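K.L.:
In order, the protein sequence lines correspond to chains G and F. First residue of the first sequence? That's 1 in the working numbering, and the numbers climb one at a time after it. First residue of the second sequence? That's 1 in the working numbering, and the numbers climb one at a time after it.
If a hint is listed, it holds; no wrong ones were tucked in.
Pairs of lysine to aspartate or glutamate, DMTMM-like flavour, derived with a Cα cap of 25 Å:
(1) Lys-144(F) to Glu-357(G)
(2) Lys-344(F) to Glu-333(G)
(3) Lys-26(F) to Glu-77(G)
(4) Lys-144(F) to Asp-395(G)
(5) Lys-26(F) to Asp-73(G)
(6) Lys-424(G) to Glu-296(G)
(7) Lys-26(F) to Glu-74(G)
(8) Lys-417(G) to Glu-38(G)
(9) Lys-315(G) to Glu-102(G)
(10) Lys-323(G) to Glu-340(F)
(11) Lys-111(F) to Glu-77(G)
(12) Lys-30(F) to Glu-45(G)
(13) Lys-111(F) to Glu-38(G)
(14) Lys-55(F) to Glu-12(G)
(15) Lys-323(G) to Glu-341(F)
Hint data in this document are derived by calculation from the structure and do not stem from the laboratory. Nothing here was measured: the structure is a model prediction, and the numbers come from that model.
Here is what each chain is made of, one letter per residue.
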Amino acid sequence: MDWKIAELKELEDKIWRCTACGTCKVAYDYGPPPTFGEICPAGTEFGFEGFMASKGKIAFARGILSGELPWDDELLEAIYKCTVCAGCQNQCQLDHKPYIPEIIEAMRRKAVDEGVGPMPLHKNLLQSMKNYDNPYQGPRRVRNDWTRPFKKAGKPIKDLNDEPAPVLFFVGCTGAFNTAARAVPTSTASIFQKLGIDFGILGENEICCGSTAMRVGDSEEFKRVATKNLETFKWLHDERGVKTIISSCAGCYRAIKKDYSLSSEYDKVMEGIEVLHTADYLNRLYKEGKLQFKGELPWKVTYHDPCHTGRHLNKFIIDQEGKQLWKGAYLDEDQSACLYEQPRDLLKAIPGIEFVEMKRNRANAFCCGGGGGVMTGFGEWATKNASLRIQEGEDTGAERIVSICPFCHFNLNEGAKRISSQIKVHDLTELIDQVLVGKSDD
Amino acid sequence: MSELSTLQKEQVVTAADPGNVDSVLKELRKIVGDANCTASRHIRYAYSYDMSFVKPKLPDYVVMTEKVEQIQELLRFANKEKIPVVPYTGGTNIGGLTIPERGGILLDLKKMNNIVDIDPEAHVAVIEPGVSHAKLADALYKHKLRFGWPVGPPSASVMACAVSHGIGGLNAKYGLNSQEITSMEVVLPTGELVRVGSCAIRHDAWHSCLPLPQLDGLFKGWLGSSGVVTKIGISVHPIPPLLKVFTVSCDKVEDMYSYMLNLSNYEMCDDLTAVSWWLAQVPIPYPFRPKPNDAPEWFSFATTTSWTEKEKEAREEIWEKVFEEEQKKGTSIKRTVYPEEALKGRTQLPSQVVGSTKNYCKQGGAGISWPGTFTPAKVWAPVYNKWKDILIAHNLSPSVRMSMYRGVHYGMLRAMIPFNKQSAEETENARHAIVECLKVDLDAGGIPYKPPIDFANEIIKRADPGYLELLRRMKKFLDPNDIMNPGKLGI
Ligand SMILES: Cc1cc2nc3c(=O)[nH]c(=O)nc-3n(C[C@H](O)[C@H](O)[C@H](O)COP(=O)(O)OP(=O)(O)OC[C@H]3O[C@@H](n4cnc5c(N)ncnc54)[C@H](O)[C@@H]3O)c2cc1C
Ligand code: SF4
Ligand code: SF4
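Model the full assembly from the supplied sequences, consistent with the hints where possible.
P.N.:
Next comes the structure, spelled out in C-alpha cells:
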C-alpha cells in the first residue's frame with residue numbers, strides 16, 4: 001500500500017504563500033455584529049509570535065527549510081507546542097490555507113525522520129503503540145474491560161472476529177483504556193443495543209487508528225497501524241458483511257476519514273463501507289423519526305466542537321488544473337462534512353435541555369487543548385487550556401458542557417477540576433442514553 | 001546542523017555580543033519574568049521579517065510586557081545599557097518598521113490588550129497597544145459605535161495604526177486615525193511615564209489633545225522611535241443605519257480626479273476612494289497583466305452613511321448633481337456596478353478577506369510593499385501616469401488607490417505591489433520599482449507614510465535643513481542614546 005504523506009520540502013512553495021499578515025491570530029467575523037475571539041491555544045499560552053497561529057508555525061517552517069533554524073531542544077519543543085487544532089487555518093485566505101495543518105505536521109515528520117523528534121513523552125507513546133498497538137501501554141485484553149457490564153447484564157456485545165454484523169463500532173483506544181472516558185463507549189453501545197442495531201466490535205483485536213502517531217510526526221508508525229486497519233476493514237466487509245464503521249471518537253473518525261485517504265488503496269478498500277461518527281449516525285436516525293425520548297434532562301447545556309469533527313473535516317476546493325485562477329489556487333471551502341449541526345440538533349431534541357452557545361463555536365471553536373500530542377507532551381498546559389474553554393462554557397450560564405470526543409471529554413474534565421468548576425462534562429452519548437426509549441421499552 | 005545559505009547570511013544580521021546575552025537576559029527576566037523574555041533563535045527569527053521588501057534582520061531578544069511599570073523598567077535598563085528597543089504589536093505595517101536595524105530588544109506589546117474604557121456618551125474609547133481592530137470592533141458594536149477601520153488585518157493594533165498616521169474607512173469624514181487620538185500615555189525612552197492631552201491634567205479625562213500645546217505630535221508618525229505609547233484615547237463614532245455607496249468608473253485618471261475633487265467639496269462621504277483596474281481585481285494580477293481594452297481604468301466608491309431616508313436622499317441629490325456636472329464636462333465618467341467582492345472588502349471593515357492580503361497578494365506570493373503617500377490631489381494624475389510606466393516596465397501591476405481626506409484636497413496615493421518574496425530577484429525588482437515611484441511622488445510634493453528606510457532616506461535627501469535639525473534635536477531630547485527603533489527615521 002503506498003501512502004502520499006508530504007515531506008516539508010514538498011510544501012515549500014505553499015509555505016511561501018504566507019504573507020505574515022497575522023490574520024490567523026484571531027477569530028473574527030464581520031457579522032454584523034462583529035465577533036472576535038482568541039483562536040490559537042499556543043499563542044494564548046506562550047505569546048511570542050513563533051507560537052502564534054500559522055503565522056508563527058510558518059516562520060519556523062521557513063527557517064527549518066532554509067537552514068536558518070537548525071534543530072535544537074527549544075525549536076523542537078516549539079513545533080510540538082501546537083494542538084494542530086486548525087483554528088488558525090480557518091482564518092487564513094491564501095493559497096496555502098488547505099495545507100496549514102499539513103505544514104505543521106510535516107515539520108514534526110522531518111524532526112522524527114532526522115532523529116530529533118518527537119518529544120520524550122511522545123516517544124513513550126509511540127513505543128507503546130509498537131508494543132501494545134495502543135498509546136496507553138494497555139495490555140490488549142484490557143481493551144475489552146468496558147464491555148463487562150454488558151456481559152453481566154446478559155447483553156454481550158458481538159465480537160466481529162467470530163460473527164457477522166453490518167456495523168462495526170470502532171471503539172478507539174481512549175474510550176477503551178482511559179477509564180475517565182469509558183462512559184463514551186459504554187453509552188454508545190448501550191444506545192445501539194436500545195435501538196436494536198446489529199453491531200459488533202473487534203475487541204482485543206482492535207488496534208489504534210494511528211491518529212496520535214500521525215499528529216506527532218511518526219508517519220511510519222501511522223502507516224503500520226493504518227495499513228493493518230484498512231486490511232481489517234476490507235476483511236470485515238468481505239467476510240463479516242460490515243457496511244458501516246461507526247466511531248464515537250473524533251480523533252479516530254478524522255483519521256479513518258481523512259488520514260487514511262492518503263493511502264493509494266483507500267477508495268478500493270473502502271468501497272461499500274461508510275464511515276460515520278456516532279453523532280451523525282444518531283442524528284440520521286433522529287431525522288428518520290427513529291429516536292424517541294422519555295423523561296427530561298432539565299439542564300442548561302452548551303456544546304464544545306472537537307476540532308477533529310469540525311474544521312478538520314473542511315474540504316478545500318483547489319484549482320488543480322489552473323482553469324479558474326491558476327494551478328494550485330485555493331478557491332473555496334466546503335464545510336458540508338463538518339459535524340456542526342448534528343450534535344446540536346440532537347441536544348436540542350432532548351426534552352428539558354436549554355441549549356446555549358459559547359461565543360466561539362463551530363469553525364471558530366476554541367480547541368480544548370488536548371490535540372496534536374499536547375495532552376501527552378505538555379499535560380499541564382493542555383489542562384490549563386481546557387480550563388479556559390470550561391470558563392467560556394461557564395460564562396454562558398450552562399451547567400453542562402457536552403462534546404463528542406473522548407479526548408476532549410477527558411481534557412475538559414481535567415480543566416474543570418483545575419478551576420474547581422461546577423460545570424459537568426458529558427459525552428453526547430451519555431445524555432442520549434439517559435433519555436432514549438429502547439425497543440424493549442415499547 | 002544545516003549551514004546558512006549565502007542569501008540568508010547576507011540577509012540576517014545580528015547585533016548583540018554573544019558574551020553579553022546571558023547577563024542581559026538575566027536583567028530582562030528580573031523585569032518581565034522568565035516566560036516573557038527570550039533570546040532563542042527560533043523566536044527571534046519569527047520577528048525578523050515581514051511581508052515587505054525590507055531585508056530580514058534578527059532582534060537579539062524578544063520581550064513581552066504586561067504592565068506599564070515593566071516598560072518603564074525595561075527602558076531604563078535599555079537606556080543605561082544602550083540597547084535598541086523596537087515596539088511591536090503585529091508587524092503588519094508593510095514597511096519593515098518593526099524589523100530591527102540594529103538588533104536589540106523587540107518589545108512585543110500584544111499582552112497589553114485591555115480596552116480600558118468605552119464612554120458611549122462622550123464617544124471616547126481608551127485602549128492599550130495590543131487591542132486589535134477585531135477586538136475593538138466587537139466591543140464598540142455593542143454600543144453601536146465604530147472607528148475608522150483600515151483595510152488591514154483585523155488582528156493588527158488600533159494604536160499602532162493610529163500613532164503611525166494610519167488611514168481608515170472614515171478618513172473623508174473624520175480625518176486620519178492619528179487625528180482621532182484624544183490623549184496619550186507614553187513611556188519615554190529614558191523610562192519616565194508622561195501624559196499628553198486632557199489625561200495629563202485629570203487622570204481620567206481622555207477626551208481631547210486640544211487646547212493644550214500639541215505634544216501628542218512628539219509620538220505620532222515617529223515610527224516607534226520616540227517612546228512607547230501605553231494608552232491612547234480615541235474618538236469613536238455612532239453607526240448611522242443607512243449605507244449608500246456611489247460607484248462610478250472612467251477611462252482616464254484625470255477624469256477620476258475631476259470627479260473626486262468635485263464630490264469632495266460637499267464633504268459628505270465617509271470614504272471617497274478610487275482604485276485602478278488592477279487594484280479592483282481580486283487578486284491584483286501578478287505579474288502585470290494588461291487591462292482589457294473595453295474595461296474602464298478607474299473605479300470609485302464613495303461611501304456615505306445617513307440617519308434617515310431624507311438625509312440619504314439629500315446625499316443622492318448632491319451626488320446626482322456632481323455626476324451630471326462631470327458628464328457635462330465631457331469626461332468619461334460612468335455609473336458603474338462595482339464588483340461585489342471588491343466592494344465588500346471596502347465597506348465591511350475590518351475585513352478578514354482583505355486584511356489577510358487575499359485581495360492583494362493571493363497571486364503574488366508572500367510579498368507586498370507600497371509607495372504609500374499623502375499627495376496633493378492636483379498631482380495625482382501626473383504621478384499615477386509616471387508610476388504606471390515605472391511599474392509596467394518592472395512587470396508589476398499599477399494597482400493604485402487615491403483617497404481624498406477630510407475637507408482637504410490631498411490624500412492617499414498609493415500602489416499596492418504584491419511580489420513573490422520567495423525569489424530574491426523578484427523582491428529586488430519590486431523594491432526597485434517602488435523606490436522609483438516614491439521618488440517621483442516626493443518630487444511632486446507627496447510624502448510617504450509609514451516609510452521603510454529606503455523611503456526615509458529619500459525624504460531626508462529632500463528635507464529642509466532646519467526641519468532636519470529640529471527633528472534631530474527633538475530625537476536627541478527624547479531619546480539621548482538613540483535606543484528607540486534606531487535607524488528608521490533616516491537621520
Ligand atoms: C493587507 C493590508 C492592508 C493594510 N491597510 C491599511 C490601511 O488601510 N490603513 C493603514 O493605516 N494601514 C494599513 N495597513 C498597515 C497596518 O496593518 C496597520 O497600520 C496596522 O494597524 C499596524 O498594526 P500592527 O499591529 O501590525 O503594527 P506594527 O507593524 O507592529 O507597528 C507599526 C509601527 O508602530 C510602532 N508601534 C507599535 N506600537 C507602538 C507603541 N505602543 N508605541 C510606539 N510605537 C509603536 C512600531 O514600532 C512600528 O513602527 C495594512 C496592512 C496590510 C497587511
Ligand atoms: S498563515 Fe495566512 S493568515 Fe496567517 S499570516 Fe500567513 S497568510 Fe496571514
Ligand atoms: S493549529 Fe491551533 S494551536 Fe496550532 S498554531 Fe494553529 S491555532 Fe495555534
